[in-house]
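Enquirer: Protein chains in written order, with the numbering used here: chain A, 2 to 285; chain B, 672 to 948; chain C, 2 to 284.
Subject to a maximum C-alpha distance of 25 Å in a straight line, what follows is the list of computed DSS-like cross-link-like pairs (lysine-lysine):
1) 122/A to 142/A
2) 223/A to 145/A
3) 178/A to 97/A
4) 125/C to 145/A
5) 125/C to 118/A
6) 223/A to 178/A
7) 125/C to 122/A
8) 125/C to 142/A
9) 140/A to 125/C
Reference excerpt, derived from the structure (chain B facing chain A, CB under 10 Å, subset only):
10) 793
11) 796
12) 891
13) 895
14) 897
15) 905
16) 906
17) 907
18) 908
19) 911
20) 912
Covered stretches of chain B (in silico footprint by chain C; criterion: 3 or more residues with CB under 8 Å from a CB of chain C, positions within the stretch not fixed):
21) 686-695
22) 754-760
23) 768-774
24) 780-786
25) 839-849
26) 920-929
Hints in this document: simulated from the structure, not taken from any laboratory. Positions of the beta carbon are idealized from the N, C-alpha and C atoms, including for glycine.
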Amino acid sequence: MVFGCRLYRMLNRIILACILLLPFQFSLAESTISIAGSSTVLPVMSDAAQTYKNDNPSTNITVSGGGSGTGINAVINGIVDIGMTSRQPTEAEWVKLSEKFELIDIARDAVAIAVSKAVIKSGVSSLSLEQIADIYRGKIKNWKDVGGFDEEILVIDKEPSRGTRHVFAEVVLGDAKARAPGASLISGSNNEERSIITRSNQAIGMLSHAWLNDDVRGITLKLDNGDTVSASPEHVLDGSYPIQRSLSLIVAKNRSEALQSFIAFLQSPALVPSIEKNGYLPLN
Amino acid sequence: MANRFTQALLIALALPAIAVPLACLLYLLMRGLPGFDSNLFSLNLGESGFGSSQGIMAQVIGSLALSILSCLLALPLAIGLSLYSRLYAGPRSNSVMQHVLTTFQSIPPLVYGLCGLVVFVHLLGWGISLAAGAIVLAMIILPVLTLNTIHALERVPSDYTDAARALGMSPSRVVWHVWRPRAWRSLLTGLFLAVARTLSETAPILFTATVFSGASWPNSLFAPVTSLQTHIFYLAQEAVDENAVARAWSSALVLVTLVAMFSLIAHLLNRRRSHHG
Amino acid sequence: MLLRSWITFSVIFSLALVLIFVGFLVSASLPFFLDYGLSPIVSSEWYPYEDLYGFLPALVGSAWAIVIALAIALPCGLAAAIVSVEILPQRYHGLINLCIDILAGIPSVVYGLLGIALLLPWLKNNLDLLSGHSLLAAGLLLAVMILPTITRLSQDALRDVDNSYREAASSLGLDWSQRLFSVLLPQAWPGIRSASLLATGRGLGETIAVMLVVGSIDRIPEPWYNLLAPAQTITSRIGREMGEASVGSSQWSALMACGLVLTLCVMLLSILAHAPRKRLARG
Numbered sequence: 002m003v004f005g006c007r008l009y010r011m012l013n014r015i016i017l018a019c020i021l022l023l024p025f026q027f028s029l030a031e032s033t034i035s036i037a038g039s040s041t042v043l044p045v046m047s048d049a050a051q052t053y054k055n056d057n058p059s060t061n062i063t064v065s066g067g068g069s070g071t072g073i074n075a076v077i078n079g080i081v082d083i084g085m086t087s088r089q090p091t092e093a094e095w096v097k098l099s100e101k102f103e104l105i106d107i108a109r110d111a112v113a114i115a116v117s118k119a120v121i122k123s124g125v126s127s128l129s130l131e132q133i134a135d136i137y138r139g140k141i142k143n144w145k146d147v148g149g150f151d152e153e154i155l156v157i158d159k160e161p162s163r164g165t166r167h168v169f170a171e172v173v174l175g176d177a178k179a180r181a182p183g184a185s186l187i188s189g190s191n192n193e194e195r196s197i198i199t200r201s202n203q204a205i206g207m208l209s210h211a212w213l214n215d216d217v218r219g220i221t222l223k224l225d226n227g228d229t230v231s232a233s234p235e236h237v238l239d240g241s242y243p244i245q246r247s248l249s250l251i252v253a254k255n256r257s258e259a260l261q262s263f264i265a266f267l268q269s270p271a272l273v274p275s276i277e278k279n280g281y282l283p284l285n
Numbered sequence: 672m673a674n675r676f677t678q679a680l681l682i683a684l685a686l687p688a689i690a691v692p693l694a695c696l697l698y699l700l701m702r703g704l705p706g707f708d709s710n711l712f713s714l715n716l717g718e719s720g721f722g723s724s725q726g727i728m729a730q731v732i733g734s735l736a737l738s739i740l741s742c743l744l745a746l747p748l749a750i751g752l753s754l755y756s757r758l759y760a761g762p763r764s765n766s767v768m769q770h771v772l773t774t775f776q777s778i779p780p781l782v783y784g785l786c787g788l789v790v791f792v793h794l795l796g797w798g799i800s801l802a803a804g805a806i807v808l809a810m811i812i813l814p815v816l817t818l819n820t821i822h823a824l825e826r827v828p829s830d831y832t833d834a835a836r837a838l839g840m841s842p843s844r845v846v847w848h849v850w851r852p853r854a855w856r857s858l859l860t861g862l863f864l865a866v867a868r869t870l871s872e873t874a875p876i877l878f879t880a881t882v883f884s885g886a887s888w889p890n891s892l893f894a895p896v897t898s899l900q901t902h903i904f905y906l907a908q909e910a911v912d913e914n915a916v917a918r919a920w921s922s923a924l925v926l927v928t929l930v931a932m933f934s935l936i937a938h939l940l941n942r943r944r945s946h947h948g
Numbered sequence: 002m003l004l005r006s007w008i009t010f011s012v013i014f015s016l017a018l019v020l021i022f023v024g025f026l027v028s029a030s031l032p033f034f035l036d037y038g039l040s041p042i043v044s045s046e047w048y049p050y051e052d053l054y055g056f057l058p059a060l061v062g063s064a065w066a067i068v069i070a071l072a073i074a075l076p077c078g079l080a081a082a083i084v085s086v087e088i089l090p091q092r093y094h095g096l097i098n099l100c101i102d103i104l105a106g107i108p109s110v111v112y113g114l115l116g117i118a119l120l121l122p123w124l125k126n127n128l129d130l131l132s133g134h135s136l137l138a139a140g141l142l143l144a145v146m147i148l149p150t151i152t153r154l155s156q157d158a159l160r161d162v163d164n165s166y167r168e169a170a171s172s173l174g175l176d177w178s179q180r181l182f183s184v185l186l187p188q189a190w191p192g193i194r195s196a197s198l199l200a201t202g203r204g205l206g207e208t209i210a211v212m213l214v215v216g217s218i219d220r221i222p223e224p225w226y227n228l229l230a231p232a233q234t235i236t237s238r239i240g241r242e243m244g245e246a247s248v249g250s251s252q253w254s255a256l257m258a259c260g261l262v263l264t265l266c267v268m269l270l271s272i273l274a275h276a277p278r279k280r281l282a283r284g
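Excised from the complex, chain A in its bound form (with noise of 0.2 Å):
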């Protein structure tokens, strides 16, 4: 009993030396530069934040995914130092960001219209957006009547607020906010939509150039003056290709130093080996 209580007291002791210790060894904290939202833009971001990392090592940087919509509320809310997005602001976000935010343009990028590779080999060769706006408002439900093979199409559509569903709704739908009522199933990170299409053989999705693969295809788009582009490079630099958009940063203006020498050099050629190497296209 006596050894235990000895024991105890020791341990006491140890807690709570632990407990005074422990405000100090926290403060000893290095800066940290938190970065959330859009899933397209994050491959760039995570590429960008350890080549800087490793010639600024007392810079710590967190990235984290969630969409557009998250990294704009994110950092709004103040609950991120940089949020990602890979669409313009809506309205209503522009009001909350007033002045103190500028919007920084990194990249630009193309959505494909994604589609399983056995969509592709049954002979659907190209779409009109026209088609393509009637498969997402229901009207046409099965691959025979776009000159593929006899299967219900998969359509799948992305959470509201992503930037992806924005561009896409946009050009497509006619408007940003469109309601797509023929979709079959809600999908949210790129990763979670190309896992999807990769499994189905009869899906269709959206989805930034740079996440297709040799099992999800990007179609090719009919225009109404009979020509047909696909998301390539060169048809987003000559602006023939209709559905693309600029990748952004949003941050306040009145910045820490730490935050101001990331951004400069997110802003600085050093950045364009990590947005090729991603499959965008750098700005200049």
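Chain A is already provided as a structure; the job is to place chains B and C on it using the hints.
Expert: Frame of chain A; chains B and C shown alone:
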């Protein structure tokens, strides 16, 4: 004959309860073990990337920090509450307390997460942080831990307490000299079970404490962490990158192992207690 | 003295926590109910951009998912409890308990991973679905997740039946299944009932696993019994939109209102589960 038939039917119905856990465990081992390479537990933290190649040590540390911190926050309160229930509360307030605790125990963790998001992340301006997540988890675990502690104290034979009281011992001496030696094992059991339970929670920390990548050693209470649970959640949505899928399964196996470890310690403590009577 | 102040502090602090929690939940969702009344509960359109917040699809989805889960987990869990308490000899109890412990110990997110990797492709291929995301998938995962709760509490209920009932039944000449169905199960029924109520509450609040397999689309299944359709549950809604709703917006208070509705349902279940047993014990 009818008996045989009923029994056979019941056994057939009960089979999934045995087959499903074993199958899950086997499948986890099958998919998770190949991913155990030297990289997985590399101490090279702070490496970002896409979760596919880097080790998961930062996630393990983040998960443990969240769980242990939350349980340490909840424990003193749980002990205080249970002492109140044993020392001062009358039968009526005891029954009210039991009801409130069981009701709060049943509230979905997600709702605690929602409230934590408003209060700690937004109103108090802590941002997504270790502290916010730990407090949310502490709130989730508090009712469970308190009920466990009350139960542990109830198991101390009342003869001991009565005798000590008759000798004129003050409540604090009763607590220290009579209850503590007999209840501390059960208390520890409860604590380890609580750690295991908080390790399994994902929804409440997803928006309050964790980020996708970049968090290294938690260097401040108010910095975000990465955790195994949310790491698995992000990687689960990935099917294209083979490495990421393999990492998801290894992370899942590590998480299940951690939960099992804490439950096992609790179990062993509990068994030794009942042996010694 | 130290002890006293510590206890007082804990009690006051915990009371404050309870009050703050309830207060926040109510006050954050109050603006929503003031603006929209109770009509969102029966409205089926949820479009935050158009300020339309209908809870019905999510409520229906949650209800279906839990009904499927109970339909599977209840017979299975009850049978497992009967087998372990009444059929198997003592030395096998450890095995069943171990299995149930494993089941209970696997975290929700790992079930989600298993669901995505195994369940969805299996459903897709065998039932000829578009992607496998469906109420059925959510229900199946939930069934596995609430199975431990049902089994453990039913085991307790069966063990609590006094041995004198068993002896009396035998002396009346009842055979094994008569004893089970006319004596043991009726006696254990209150316990089994509260087991299923608690499991229902647990299942309703389950988030991550459900969110990954349910499809997250706000649509009431058509026809209403179409369990193979993707849908939304209350928890998957909150989980998906929690991060992107800005605090103070109407979408935010709508989500808090969802949380409040969920909490009220689960609290009710918990109170129902605990109340009658007390009365029985007293009587």
